[in-house]
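Participant: These protein sequences, in sequence, are chains W and Z. Using this note's numbering, you'd call the opening residue of the first sequence number 25 and step up by one each time. Using this note's numbering, you'd call the opening residue of the second sequence number 42 and step up by one each time.
Hints are supplied without guarantee of correctness; some may be wrong.
Which stretches of chain W does chain Z cover? Using the computed rule of at least three CB atoms under 8 Å from a CB of chain Z, they are [what the hints assert, rightly or not]:
{"id": "1", "segment": "67 to 79"}
{"id": "2", "segment": "126 to 136"}
Derived SDA-like pairs (lysine to any residue); straight-line CA-CA distance at most 25 Å [stated by the list, open to error]:
{"id": "3", "chain 1": "W", "residue 1": "K123", "chain 2": "Z", "residue 2": "G102"}
{"id": "4", "chain 1": "W", "residue 1": "K123", "chain 2": "Z", "residue 2": "S131"}
{"id": "5", "chain 1": "W", "residue 1": "K123", "chain 2": "Z", "residue 2": "S50"}
{"id": "6", "chain 1": "W", "residue 1": "K25", "chain 2": "Z", "residue 2": "Q83"}
{"id": "7", "chain 1": "W", "residue 1": "K123", "chain 2": "Z", "residue 2": "I53"}
{"id": "8", "chain 1": "W", "residue 1": "K128", "chain 2": "Z", "residue 2": "T116"}
{"id": "9", "chain 1": "W", "residue 1": "K123", "chain 2": "Z", "residue 2": "E139"}
{"id": "10", "chain 1": "W", "residue 1": "K25", "chain 2": "Z", "residue 2": "T116"}
{"id": "11", "chain 1": "W", "residue 1": "K66", "chain 2": "Z", "residue 2": "G94"}
{"id": "12", "chain 1": "W", "residue 1": "K66", "chain 2": "Z", "residue 2": "F108"}
{"id": "13", "chain 1": "Z", "residue 1": "K82", "chain 2": "W", "residue 2": "N46"}
{"id": "14", "chain 1": "W", "residue 1": "K66", "chain 2": "Z", "residue 2": "T116"}
{"id": "15", "chain 1": "W", "residue 1": "K128", "chain 2": "Z", "residue 2": "Q101"}
{"id": "16", "chain 1": "W", "residue 1": "K25", "chain 2": "Z", "residue 2": "E100"}
{"id": "17", "chain 1": "W", "residue 1": "K66", "chain 2": "Z", "residue 2": "S95"}
{"id": "18", "chain 1": "W", "residue 1": "K66", "chain 2": "Z", "residue 2": "K96"}
{"id": "19", "chain 1": "Z", "residue 1": "K145", "chain 2": "W", "residue 2": "N87"}
{"id": "20", "chain 1": "Z", "residue 1": "K82", "chain 2": "W", "residue 2": "A110"}
{"id": "21", "chain 1": "W", "residue 1": "K25", "chain 2": "Z", "residue 2": "G102"}
{"id": "22", "chain 1": "W", "residue 1": "K66", "chain 2": "Z", "residue 2": "V140"}
{"id": "23", "chain 1": "W", "residue 1": "K66", "chain 2": "Z", "residue 2": "V103"}
{"id": "24", "chain 1": "W", "residue 1": "K128", "chain 2": "Z", "residue 2": "D129"}
{"id": "25", "chain 1": "W", "residue 1": "K66", "chain 2": "W", "residue 2": "S93"}
{"id": "26", "chain 1": "W", "residue 1": "K123", "chain 2": "Z", "residue 2": "K107"}
{"id": "27", "chain 1": "Z", "residue 1": "K145", "chain 2": "W", "residue 2": "I74"}
Honestly, the hints are just simulated from the structure, not real lab data. Computed from a prediction, not measured in an experiment: that's the story for all the values here. No residue lacks a Cβ here, since even glycine has one placed at the ideal position from N, Cα and C.
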Amino acid sequence: KQEVTQIPAALSVPEGENLVLNCSFTDSAIYNLQWFRQDPGKGLTSLLLIQSSQREQTSGRLNASLDKSSGRSTLYIAASQPGDSATYLCAVRRGSNYKLTFGKGTLLTVNP
Amino acid sequence: GAVVSQHPSWVICKSGTSVKIECRSLDFQATTMFWYRQFPKQSLMLMATSNEGSKATYEQGVEKDKFLINHASLTLSTLTVTSAHPEDSSFYICSAPEVMGGEKLFFGSGTQLSVL
Numbered sequence: 025k026q027e028v029t030q031i032p033a034a035l036s037v038p039e040g041e042n043l044v045l046n047c048s049f050t051d052s053a054i055y056n057l058q059w060f061r062q063d064p065g066k067g068l069t070s071l072l073l074i075q076s077s078q079r080e081q082t083s084g085r086l087n088a089s090l091d092k093s094s095g096r097s098t099l100y101i102a103a104s105q106p107g108d109s110a111t112y113l114c115a116v117r118r119g120s121n122y123k124l125t126f127g128k129g130t131l132l133t134v135n136p
Numbered sequence: 042g043a044v045v046s047q048h049p050s051w052v053i054c055k056s057g058t059s060v061k062i063e064c065r066s067l068d069f070q071a072t073t074m075f076w077y078r079q080f081p082k083q084s085l086m087l088m089a090t091s092n093e094g095s096k097a098t099y100e101q102g103v104e105k106d107k108f109l110i111n112h113a114s115l116t117l118s119t120l121t122v123t124s125a126h127p128e129d130s131s132f133y134i135c136s137a138p139e140v141m142g143g144e145k146l147f148f149g150s151g152t153q154l155s156v157l
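Go ahead and model the full structure; you've got the sequences and the hints to work with.
Facilitator: Next comes the structure, spelled out in C-alpha cells:
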C-alpha cells in the first residue's frame, strides 16, 4: 500500500526566503506526482505535475523535483511571499485509474 | 483550466438528516468524478469513483448505503450523506479529469459538513 509522507508538517518563514518542502513515498512504481496548494476551507489548485520519467518541473518561482528510485520529491519555492501561505499537498498517482494517494500536507506561513 | 463547481461550500445539519453535495463540471464533460474526504490535519482519502451511466465504485471501508453517489449526467455528480452522524463531519471534495486520459485532475472548492 502506497504511503506518502510530507515533512515538515508546518513551516514558518520570513518573506523573501527560499524554502524546500519534502515529500516521500513508499512505492516507487508511480505514474506521476503532483503538488497542490490548498487554502483554508478551499479546494485544491494544481501547481506542478511531474511524470514518472521526468526529473523536475518549473513554474515561475516554483520548482519540483522527482527522484523516483529513492521515493522522494521536493518543492522549492523561491523568494517566498505572504501570498504563498497555504497548505501544500503532495500526491502520487499509481496508474491510469486516476487514484491519488495524498500526503497530509505542509502548512506554510510566510510572514511579512 | 477546467472548472469544477461544488455546492454547497458548507452545511450544518442535524444528526439523522441527509445532505446532498453537488459537483458540476462547468466547461467540460466529466464521465468520471472522484469523491474525497478530508478530516482535520489528515490526508485526503478517496471515497468513491462516480461513473456516468453506471454504478459508483467505492473504496474499501466506505459504506455504499450511507454515501449515495449519483452521476446523473456528463456534467453532474452528487454525493448524499444519508442519516448523517457527527462522525461524518468532514471536508468533502470532488475532482475530475478534464479529458479522460489527460494528466491533470481538477478539484472542486470542497464542502465542509458539520453534523450536530
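Participant: Hint by hint, note whether the structure agrees.
Facilitator: Evaluated hints:
Check on the segment 67 to 79 of chain W: 6 of its residues sit with their Cβ under 8 Å from a Cβ of chain Z, so the three-residue criterion for coverage holds. Closer than 8 Å: that is the beta-carbon criterion, and the segment 126 to 136 of chain W has 4 residues meeting it against chain Z, so the requirement of 3 holds. Of the pairs offered as hints, the one joining K123(W) and G102(Z) holds, with about 16 Å between alpha carbons and a cut-off of 25 Å not exceeded. Our distance criterion of 25 Å between C-alpha atoms is met by K123(W) and S131(Z), whose separation comes to about 20 Å.
Among the hinted pairs, K123(W) with S50(Z) is consistent with the structure: their alpha-carbon atoms are about 24 Å apart, no more than 25 Å. With a C-alpha separation of about 17 Å, the suggested pair K25(W) and Q83(Z) falls inside the 25 Å cut-off, and the hint holds. This hinted pair does not check out: K123(W) and I53(Z) have alpha carbons roughly 29 Å apart, beyond 25 Å. As the CA atoms of K128(W) and T116(Z) are separated by approximately 30 Å, the hinted pair breaks the 25 Å bound.
With a C-alpha separation of about 15 Å, the suggested pairing of K123(W) with E139(Z) holds against the 25 Å cut-off. Note on K25(W) and T116(Z): the hinted pairing is violated, with a Cα-Cα distance of about 32 Å set against a maximum of 25 Å. For the suggested pair K66(W) and G94(Z), the alpha carbons sit about 29 Å apart, so the restraint of at most 25 Å is broken. Using a Cα cut-off of 25 Å, the hinted pair K66(W) and F108(Z) holds, with the two alpha carbons roughly 21 Å apart.
For the hint pairing K82(Z) with N46(W), the CA-to-CA distance comes to about 17 Å; that is within 25 Å, so the pair holds. A threshold of 25 Å between alpha carbons decides the hint, and for K66(W) with T116(Z) the separation of about 21 Å falls inside it, so the pair holds. Proposed proximity of K128(W) and Q101(Z) is supported: the alpha carbons are some 20 Å apart, at most 25 Å. A C-alpha spacing of about 13 Å is found between K25(W) and E100(Z), which places the hinted pair at or below 25 Å, so the restraint holds.
The suggested pairing of K66(W) with S95(Z) is violated, with an alpha-carbon distance near 29 Å, which exceeds 25 Å. Proposed proximity of K66(W) and K96(Z) is contradicted: the alpha carbons are some 28 Å apart, above 25 Å. For a cut-off of 25 Å, the pair hint linking K145(Z) to N87(W) stands: about 18 Å separates their Cα positions. Only pairs whose Cα atoms come within 25 Å are accepted, and K82(Z) paired with A110(W) is accepted, the gap being roughly 13 Å.
Taking the CA atoms of K25(W) and G102(Z), the gap is about 15 Å. The hint holds against a cut of 25 Å. Annotation: proposed proximity of K66(W) to V140(Z) holds, straight-line Cα distance about 23 Å (limit 25 Å). Taking the CA atoms of K66(W) and V103(Z), the gap is near 23 Å; set against the 25 Å cutoff, the hint holds. At most 25 Å may separate the alpha-carbon atoms for a hinted pair to count; K128(W) and D129(Z) meet this at roughly 19 Å.
A C-alpha spacing of about 33 Å is found between K66(W) and S93(W), which places the hinted pair above 25 Å, so the restraint is violated. Distance restraint check for K123(W) and K107(Z): the Cα-Cα separation of roughly 22 Å lies within the 25 Å cut-off, and the hinted pair is therefore satisfied. Restraint check: the Cα-Cα separation between K145(Z) and I74(W) comes to about 11 Å, which is no more than 25 Å; the hinted pair holds.
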